[in-house]
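Protein sequences appear in the order of chains A and B. Quick note: the first sequence uses my numbering, first residue 1, plus one each step. Quick note: the second sequence uses my numbering, first residue 1, plus one each step.
Be careful, since some hints might not be right.
Remember, identical chains collapse to one label, so a pair may be satisfied in a single copy or spanning two.
Straight-line C-alpha distance at most 27 angstroms; calculated DSSO-like pairs for lysine-lysine [said to hold, decoys possible]:
(1) LYS248 with LYS389
(2) LYS5 with LYS372
(3) LYS175 with LYS14
(4) LYS164 with LYS201
(5) LYS164 with LYS411
(6) LYS216 with LYS14
(7) LYS372 with LYS248
(8) LYS411 with LYS14
(9) LYS389 with LYS297
(10) LYS201 with LYS175
Read the hints as simulated data drawn from the structure, not as lab findings. None of the values given here were measured: they were computed from a predicted structure.
Number of protein chains: 2
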Amino acid sequence: MTDLKQKIEAANQKTIEIILSGSPMLVDVAPAREVVPGMTDNMILHSAPAIAWEDMCGPHKVGVIGAALWEGLASSPEDADSKIRRGEILVEPCHHHDSVGAGAGITSASTPMLVVENTTYGNRAYSCISEGGGLRLLKWGAYDEDIAKHLSWQAEVLGPVLQKAVRASGGIDVKSIVSRAVQMGDECHNRTVASTGLFLKELYGPLVDIDGVSDKDLLDSIRFMVEADQFFLHGIMAAAKAILLPAKGLSHSTIVTAMARNGVEFGIQVAGLGDRWFRAPANPVNGLYFRSEWSDKDAAPDLGDSAITETVGLGGFIQPAAPTVQQYVQGSLQQAIANTQEMTQICAASNNDVRIPAMDFAAAPIGIDIRKVVQTGIAPLIDTAITHKEGGLIGAGEVRAPIACFEQALKAFAAEYMQ
Amino acid sequence: MTDLKQKIEAANQKTIEIILSGSPMLVDVAPAREVVPGMTDNMILHSAPAIAWEDMCGPHKVGVIGAALWEGLASSPEDADSKIRRGEILVEPCHHHDSVGAGAGITSASTPMLVVENTTYGNRAYSCISEGGGLRLLKWGAYDEDIAKHLSWQAEVLGPVLQKAVRASGGIDVKSIVSRAVQMGDECHNRTVASTGLFLKELYGPLVDIDGVSDKDLLDSIRFMVEADQFFLHGIMAAAKAILLPAKGLSHSTIVTAMARNGVEFGIQVAGLGDRWFRAPANPVNGLYFRSEWSDKDAAPDLGDSAITETVGLGGFIQPAAPTVQQYVQGSLQQAIANTQEMTQICAASNNDVRIPAMDFAAAPIGIDIRKVVQTGIAPLIDTAITHKEGGLIGAGEVRAPIACFEQALKAFAAEYMQ
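Kindly produce the complete structure, drawing on both the sequences and the hints.
Now the structure itself:
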């Protein structure tokens, strides 16, 4: 038993070293079919964990069907539905393809992807580019002609423009952007305004120096990004995934390597337990609805891969870095600080690269240890959007991961390592 | 006496209304000779209050002589000195020309100026464009061939590029930038990183769409601004001056309309007392020296017009908005909050447009009332740079305004209004 405990401590220390030494660089932008491992033209990805088509929540169903129509894989929603049931259109979680998707996480072969390379370990991870602001986006499980038109513009114009600029930049250091953005009011999940600004600053030179793009396309691209205050969230998500991937499968580690929600179930992965998901029903989100017509009864349960940010100690783990986000939950700075202190109790380490100004630059907690979650009964706190159960963004707030996921994982860990 | 008190209260309320309703828009960039009221080709401006040439501090002397050489007004430092003494080169404070200058505030006829219009009242104010980062700049009272070359590049390339972009933008709302930047870790004096980022975002479209500028000049301009983290401080200073100018001369008002330091004396102006400066010896700055070779004995006393930011309730008045700045004074968030609470005691109002995240979005104090300063003995707290007594930036920290300025002003106020 002592031997096992030592092995766990050593494995966890190694996991933390891997996570903290990760160096995520945005190196490319390209259509999913060209870069995402295992991606095929007839495949549509969604936020994890995996779920049967008939069990999917509204936003996922609308989003997957929307993507099928946009890609020309189906002629009607009914056609898409039947092709999905027949397996002619494949539906899989982003996480199974080294990818992460915000909200419904809908990603198809033509979707322009941010490609983040963890240069310390040579692995890559991916996330679609942001569709910008607005309540009705494919990522929120909405689809109509305007959305389709915008997706096509992103694939045909913005994606190629970004590809040229990112390649010309020689790589954009996402870790450095996150470190600085946390000093500028971002917790890097529900608020990425500063991150986006810092990213745009890095792109300024490359974008102006770009060749082979019409003035109109360049200006349209810039105007879109300047107005999309949270544009860089997806870059941070891909960076988080890129940082966590090298820890996957590390024997004896009890550190969480993924948290994701499909609007029905919340799932976690643990370093020492490889690709397995440990699931429990997703919790409702506590937060602010953006219009008075919306209330709890309209909301889908917790949804999206964006909890990958909390998995690397951002978002809900560093709420005091972004007091503005407290406004969604009628919170206060004191409550935010208390929340971070709580998260510190379930984490294995602290991250000197992410320092919280309002806590006199305390290093952020990082590395969720499933043992600590179960022992303390403290569930990870996640900042998140609220999606309408039939699609569309309707609010933002915070949610707790279900403790049951961690209990199951710990049980599986015992079965795996205590034989 | 009660009648006087009522008149003061009414005048102060009016002053606060004027300040809070100001709407500063960056509308143009142009050489000082073309836009600054009263500017002539043989004039060099410096940070206020006015001071005799022989009494000036080192940074001012070096800066004024440097500007004379750069403008071709003199052939050598000795020539400049003698022309200044003979009155062939005029040396006056920025503030006397509706302008404000950071540090030594050196501004000559060819200096590209940010032109900020207070659209509520139709008046304008001015500040030179930033020379960027670095310890050796004309604004810090340094001058050599490299500095001269950079000034020429700014006048010949950056100024015209910015002019085109700012004009094409249709005006950039400085108040909105400040409101948002305070949510992003800027106190808008010693830290303007977020403000600069937001300003650059506004310029993105206009800069890319610019005509009649070579690719090289455009790229050089963008690279310079992207690297100059505090570029927009001067825009905020001009905006503060533009906001305060309409209050100047408002009968019976005890609200401060300017605070400025020339490295020898600290001076204030008061709305009800017009253009008069009330002076006392400038205090030494308490802060961090950027190299171990520097210490208190190297430092010039408090210097620069940038305390115009505190005059509108930014900078040292909202330290908790920028915990990073506390690092200069080995401070803490708690100390920063205590400082803001102290400043609240000497201010006449609070500013709903500037809300401090780390104080649960408390509105910032604004409008220094000389009566309250004298009654409480609390001196305004100013975030500021530290200049070497022979020129050059050597540190940053904070400093108190001398109470004596406020005592003198109150005495003058009594003489003016209590006859």
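Comparing the hints with the structure gives:
1. Taking the shortest Cα distances, LYS248 and LYS389 never come within 27 angstroms of each other, neither inside one copy (32 angstroms) nor across copies (58 angstroms).
2. In this assembly of identical chains, the alpha carbons of LYS5 and LYS372 lie at most 27 angstroms apart only when taken from the same copy (13 angstroms versus 64 angstroms across copies).
3. With identical chains, the CA atoms of LYS175 and LYS14 are at most 27 angstroms apart within one copy only, with a shortest distance of 20 angstroms there and 49 angstroms across copies.
4. Taking CA atoms no more than 27 angstroms apart as the test, LYS164 paired with LYS201 passes in both settings, with 16 angstroms inside one copy and 20 angstroms between copies.
5. Taking the closest pair of Cα atoms, LYS164 and LYS411 never come within 27 angstroms of each other, the shortest separation being 48 angstroms inside a single copy and 66 angstroms across copies.
6. Taking identical chains as interchangeable, the C-alpha atoms of LYS216 and LYS14 are never at most 27 angstroms apart, the minima being 50 angstroms within one chain and 48 angstroms between chains.
7. Proximity of LYS372 to LYS248 under the C-alpha cut-off of 27 angstroms is restricted to the intra-copy arrangement: shortest distance 19 angstroms within a copy versus 62 angstroms between copies.
8. Taking CA atoms no more than 27 angstroms apart as the test, LYS411 paired with LYS14 passes inside one copy only; the shortest distance there is 22 angstroms, against 70 angstroms between copies.
9. Taking the shortest alpha-carbon separations for LYS389 and LYS297, only the intra-copy value of 9 angstroms comes in at or below 27 angstroms, while the best inter-copy value is 67 angstroms.
10. Both within a single protomer and between protomers do LYS201 and LYS175 lie at most 27 angstroms apart by alpha-carbon distance, with minima of 15 angstroms and 21 angstroms respectively.
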